[in-house]
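Engineer: What follows is each chain in one-letter form.
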Amino acid sequence: MRTDTARRRRFGRRKVCPFCADKSLYIDYKTPSMLKRFISERGRIVPRRISGVCAQHQRQLQMAVKRARMVALMPYSTTGID
Amino acid sequence: MIMARLYETILIAKPDFDQEGFEKLHNRLLKTIGDEGGLELKLVDWGRRRLAYPIDGHRKGNYFYFGFIASPSCLTEMHRQLRLSAEIIRFQSVTLSSSKPIGHFDIEKERERVVALTPDPQDEEEFGRRDRRRDRRRDDDDDDDDRGDRRDRNDDRPPRSRGDEEAA
Chain U
293 MRTDTARRRR FGRRKVCPFC ADKSLYIDYK TPSMLKRFIS ERGRIVPRRI
343 SGVCAQHQRQ LQMAVKRARM VALMPYSTTG ID
Chain P
3 MIMARLYETI LIAKPDFDQE GFEKLHNRLL KTIGDEGGLE LKLVDWGRRR
53 LAYPIDGHRK GNYFYFGFIA SPSCLTEMHR QLRLSAEIIR FQSVTLSSSK
103 PIGHFDIEKE RERVVALTPD PQDEEEFGRR DRRRDRRRDD DDDDDDRGDR
153 RDRNDDRPPR SRGDEEAA
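Residue numbers (this note's numbering), protein chains in the order written: chain U, 293 to 374; chain P, 3 to 170.
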């Protein structure tokens, strides 16, 4: 029990998958503004342990980001130098 | 009976692509698809957008969204033609439905679906109000150099979500 509460405190609030929380959110490669939330400054896909996205939606997200990259709606990488 | 699928294709044309070129492209797509009993559902011009990275030296491209019903062989033929065309610099097709006999498609329903999936080119969030304003102000010439439109580092990027709890 003690370890449980200790762990709670250390890790804080458990994150909820934003796509499960809001069913109206549709993961689409054509909407980069939405996908942008889930990529890092460098353009990499944020791991779900950080973003809190569930496995199912992370898979869809991954597909969408890769498709968006293919049609230059999103960058493959960003160095800042351009 | 021809089996077909619902597809959507994103086409990126060169930045100097004009209305005439657009009509030519449209007719060609229609012909390719129509030849095999396919059907156009929607063709949307997204306009000139900045590419996330340069393609063949171009920094901007004219985007088109094309939703249609066609047989797989027809799609292959369309791809072949797009590859041959000099003004298309990139394209990508995505399958939206499983294979069905062409008569089994509820055209109106599928069209509605395709329309619902297409972002509105007027949508300022999706199509970067900011970028467009910049275009107007600084890169008005019709060349492809995109000077003055270069984004600053970290420009219009949302604050990064930090995974600080986990990192602790």
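Careful: at least some of the hints might be erroneous.
To be verified - Here are the simulated lysine-lysine pairs, DSSO-like style, with alpha carbons at most 27 Å apart:
{"id": "1", "chain 1": "U", "residue 1": "K358", "chain 2": "U", "residue 2": "K307"}
{"id": "2", "chain 1": "P", "residue 1": "K16", "chain 2": "U", "residue 2": "K328"}
{"id": "3", "chain 1": "U", "residue 1": "K358", "chain 2": "U", "residue 2": "K315"}
{"id": "4", "chain 1": "U", "residue 1": "K328", "chain 2": "U", "residue 2": "K315"}
{"id": "5", "chain 1": "U", "residue 1": "K358", "chain 2": "P", "residue 2": "K44"}
{"id": "6", "chain 1": "P", "residue 1": "K26", "chain 2": "P", "residue 2": "K44"}
{"id": "7", "chain 1": "P", "residue 1": "K111", "chain 2": "P", "residue 2": "K44"}
{"id": "8", "chain 1": "P", "residue 1": "K111", "chain 2": "U", "residue 2": "K315"}
{"id": "9", "chain 1": "P", "residue 1": "K16", "chain 2": "P", "residue 2": "K44"}
{"id": "10", "chain 1": "U", "residue 1": "K358", "chain 2": "P", "residue 2": "K16"}
{"id": "11", "chain 1": "P", "residue 1": "K33", "chain 2": "P", "residue 2": "K16"}
Stated by the list, open to error - Chain P regions said to be covered by chain U (calculated; three or more residues, Cβ under 8 Å):
{"id": "12", "segment": "47-56"}
{"id": "13", "segment": "107-121"}
Said to hold, decoys possible - Have a look at the derived ranges for each label pair, beta carbon to beta carbon:
{"id": "14", "chain 1": "U", "residue 1": "M362", "chain 2": "P", "residue 2": "Q21", "range": "43 to 51 Å"}
{"id": "15", "chain 1": "P", "residue 1": "P103", "chain 2": "U", "residue 2": "M362", "range": "44 to 52 Å"}
{"id": "16", "chain 1": "U", "residue 1": "D314", "chain 2": "P", "residue 2": "E22", "range": "30 to 38 Å"}
{"id": "17", "chain 1": "U", "residue 1": "V308", "chain 2": "P", "residue 2": "Q94", "range": "30 to 38 Å"}
{"id": "18", "chain 1": "P", "residue 1": "P56", "chain 2": "U", "residue 2": "D314", "range": "30 to 38 Å"}
{"id": "19", "chain 1": "U", "residue 1": "S325", "chain 2": "P", "residue 2": "H106", "range": "13 to 21 Å"}
{"id": "20", "chain 1": "P", "residue 1": "K102", "chain 2": "U", "residue 2": "T371", "range": "44 to 52 Å"}
{"id": "21", "chain 1": "U", "residue 1": "D314", "chain 2": "P", "residue 2": "E79", "range": "15 to 23 Å"}
{"id": "22", "chain 1": "P", "residue 1": "E25", "chain 2": "U", "residue 2": "R305", "range": "52 to 60 Å"}
{"id": "23", "chain 1": "U", "residue 1": "V308", "chain 2": "P", "residue 2": "R30", "range": "41 to 49 Å"}
{"id": "24", "chain 1": "P", "residue 1": "Q94", "chain 2": "U", "residue 2": "Q348", "range": "45 to 53 Å"}
{"id": "25", "chain 1": "P", "residue 1": "G39", "chain 2": "U", "residue 2": "K328", "range": "34 to 42 Å"}
Just so you know, these hints were derived from the structure itself, not from any lab. Ideal Cβ placement from N, Cα and C applies to all residues, glycine included.
Engineer: Against which earlier hints does the structure fall short, listed by number upward?
Structural biologist: Numbers 14, 15, 16, 19, 21 and 24 - these are the hints that the structure violates, sorted from lowest upward.
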